[in-house]
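S.K.: Sequence:
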Amino acid sequence: MIEILNRTRLAQARDTGGLVADILQTLKGRATVGTNLLDIDRWVASMIAEAGAESCYVDYEPSFGLGPFGHHICTSVNDAVLHGRPYDRTLADGDLLTLDLAVSRGGVASDSAISFLVGEARPQESVAMIDATERALAAGIAAARPGARIGDLSHAIGTVLGEAGYPINTEFGGHGIGSTMHQEPHVSNTGRPGRGYPLRPGLLLALEPWVMADTAELVTDEDGWTLRSATGCRTAHSEHTIAITEDGAEILTLPSQET
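Using the UniProt record's numbering, read the sequence shown as starting at 1 and increasing by one per residue.
If you are wondering where the hints come from, they were derived from the structure by calculation, not from laboratory data. Just so you know, not all the hints are guaranteed correct.
[Claimed, not checked] Pair ranges (Cβ atoms, derived):
hint : residue 1 : residue 2 : range
1    : Asp93     : Glu184    : 38 to 44 angstroms
2    : Val33     : Asn6      : 45 to 51 angstroms
3    : Thr8      : Pro123    : 41 to 47 angstroms
4    : Pro123    : Glu171    : 24 to 30 angstroms
5    : Glu217    : Ala11     : 40 to 46 angstroms
6    : Val58     : Arg200    : 29 to 35 angstroms
7    : Asp221    : Asp247    : 39 to 45 angstroms
8    : Val33     : Glu3      : 37 to 43 angstroms
9    : Pro167    : Gly52     : 37 to 43 angstroms
Here a beta-carbon is modelled for each residue, glycine too, at the ideal position from N, C-alpha and C.
Using the sequences and the hints, build the whole thing.
M.R.: Structure, rendered in structure tokens:
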């Protein structure tokens with residue numbers, strides 16, 4: 001299913017996107033050395049409830065997961081990159097943490113992810129990898145405008161990631177979003193320009209470049225959800241929900257203030 005939102009629903013999408021962004025920024029400020037991943041999940045549950053919203057993850061049960069996800073946010077640490085299921089683990093100095101959050105409010109969902117280093121340590125390889133995903137995300141957004149095709153976005157994202165030297169996995173990528181979290185069209189993190197679905201005003205997309213330092217192969221944890229690099233290398237993931245407008249792309253998941 002591909003949804004095209006009218007002005008009323010687009011306004012609601014902005015509201016939901018702002019909520020997701022602000023929650024993520026709050027968590028980034030709270031996630032310090034010694035923080036437990038289960039505490040992060042509890043904080044998210046509380047913030048979502050207080051906002052009168054719903055988590056898109058608690059009852060999420062796609063074909064690739066093992067039963068309902070059962071938590072409110074994805075917490076992926078170091079070699080984990082996607083669908084990181086929160087568990088009893090405390091963060092250490094220098095850990096690379098990815099928080100991926102999808103929330104629905106007023107009948108419209110929004111999805112965003114940030115990667116950052118915990119504590120004071122700043123391993124240069126990790127800093128460079130996070131930067132590459134953020135630059136790839138910016139390139140994909142810059143390519144998004146009415147009349148462009150999905151392949152144009154994929155090509156822009158893949159060019160940045162490839163030039164940075166990272167292998168690119170095409171199993172998981174960006175996606176349409178609207179009344180539900182995951183919709184068509186799929187947005188691969190590499191592709192050929194001029195191909196795929198043509199973009200129209202009112203279309204919402206979640207773009208999410210992610211990479212692993214030295215492999216494109218994933219392995220699944222025993223929890224049936226958490227996806228890790230096959231070599232144990234570090235990973236990074238950046239994501240925004242955008243709306244296609246008459247003038248280009250509007251980022252819906254920008255925080256109201258940096259924390």
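S.K.: Which earlier hints turn out false for this structure, listed by number in ascending order?
M.R.: none
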